[in-house]
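K.L.:
Please put together the full structure from these sequences, using the hints given.
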Amino acid sequence: MIVQLSHPQRQVEIKGPKRTKDLLRELNLVVEAHLVIRGDDLVTEDEMLADADQIEIRPVISGG
Amino acid sequence: MNCGKCKTKAVISLPRHNAAFCKGCFTAFVHEQVARAIKSFKMFTPEDRILVAVSGGKDSLALWHILLKLGYRADALYVNLGIGSYSEESHRKVRHYADQVAAAHGATLLVHVVEQEAGAGIRELATLLHRPTCSTCGTIKRYQFNRAAVEQNYDVMATGHNLDDEAARLLGNVLHWQEEYLDKQSPTLPASVEGFAKKVKPLCRLSEREIAAYAVVNRIDYIVEECPMAKGSKMLLYKEVLNRLETESPGTKQRFYWGFLDKQTKPESAAETMTEKDQRTLAPCQSCGQPTTAGTCSYCKMMAKAKTAAPR
Ligand code: SF4
Ligand SMILES: [Zn+2]
Ligand SMILES: [Zn+2]
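Here the protein sequences come in this chain order: A and B. Residues in the first sequence are numbered consecutively from 1, following the working numbering. Residues in the second sequence are numbered consecutively from 1, following the working numbering.
In short, the hints are calculated from the structure, not lab data. If you're wondering where the values come from, they're calculated on a predicted model, not measured in any experiment. Careful: at least some of the hints might be erroneous.
[As the list claims (entries may be wrong)] Some but not every residue of chain B turned toward chain A, in silico, with C-beta under 8 Å:
| hint | residue |
| --- | --- |
| 1 | Ile12 |
| 2 | Leu14 |
| 3 | Ala20 |
| 4 | Ala212 |
| 5 | Asn243 |
| 6 | Arg244 |
| 7 | Glu246 |
Cβ atoms here follow ideal geometry from the backbone N, Cα and C, with glycine treated the same way.
P.N.:
Set out below in structure tokens:
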């Protein structure tokens, strides 16, 4: 699956199927600081993501 | 995972509340949290005119959205800092939200452009003044928001500060024992003197992640990119640390900040000293004579139990 990341903007390719929380762990990202969005929809940590899914991992922490 | 309220598919789980919600129930949850903050900190009433400080980021746009959905009279002010593409993009997002959503609720967007009044953007000003950009920025934003609120007769000014912002700020203040700043962490600051607007933080019960989720669920188009000046800020470090603690024990951030607010509103009962308290609560153990709050001390109880336990 193609995973869109921010700060800086980039894309990585990750092999599916994979659970949301395992995807975050693999990328070393903390759940509390990120949202996982499939297409236009938010998904929970137990959701299974398929190889064909368009995924965005959006950081939610701002420093201002 | 299913929504704890209506059992349809959940879109978010909230470990600190031991809950999971679908889109509709999550939106209702967020509205309820904001309504509770408004009520318990006496922020404003439906008659009041509110000025929301918007930046184009998730917190301030979500705040404006929530207030309008709850039926409040809320206009917004955007300050264009003149930070290259970041300012252009955030300005576009705010304008877009104002035209597409806020206008239909009868709400107006006010704009202040730093370059127009000061002749330069915030970074150039900071260099001229030999001051850090963020402190120059803070002074300008505070001034402009307060001035607009007072001059245009708003009853209260609202900012998008969330639980993470306040917990991180509290951690910073406590680490450096900046007690003089602690008073300013209350979610409602009064219009103490003529010329000062009343200031409130209606999102203080919601975490940053919850607010971002609210924005995604309600299709609020905000700027995800950060202000380039925020890079490496102490606030980010404090938030990171708090989020690691939060992951290990959900509810840490809320206990830290809300506990502080509780203490602040209920001043300690006419300061009993530790000696006075000990004298009031401790008495000799019936068995060994050492001070204890119980009739028999915990050591004696433990030993008695060990002796009666069946030997192997
Ligand atoms: S990071 Fe600094 S310069 Fe950027 S908006 Fe925040 S205070 Fe202003
Ligand atoms: Zn539901
Ligand atoms: Zn004893």
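K.L.:
A separate judgement is required for each hint: does it hold in the structure or not?
P.N.:
Do the hints match the structure? See the list:
Using the Cβ-Cβ criterion of 8 Å, the hint placing Ile12 (chain B) at the interface with chain A is satisfied: the shortest such distance is roughly 6 Å. Taking 8 Å as the C-beta contact cut-off toward chain A, the hint placing Leu14 (chain B) at the interface is violated, the least distance being around 10 Å. Of the supplied interface hints, the one on Ala20 (chain B) holds, with its beta-carbon coming within about 7 Å of a beta-carbon of chain A, less than 8 Å. Because the beta carbon of Ala212 (chain B) sits about 4 Å from the nearest beta carbon in chain A, less than 8 Å, this interface hint is met.
About 4 Å separates the beta-carbon of Asn243 (chain B) from the nearest beta-carbon of chain A, less than 8 Å, and the hint is met. Residue-level restraint check for Arg244 (chain B) holds (minimum Cβ-Cβ distance to chain A is 7 Å; threshold 8 Å). Here the hint on Glu246 (chain B) is kept, as its CB sits about 5 Å from the closest CB of chain A, short of 8 Å.
Going down the numbered hints, you'll see the structure goes against just number 2.
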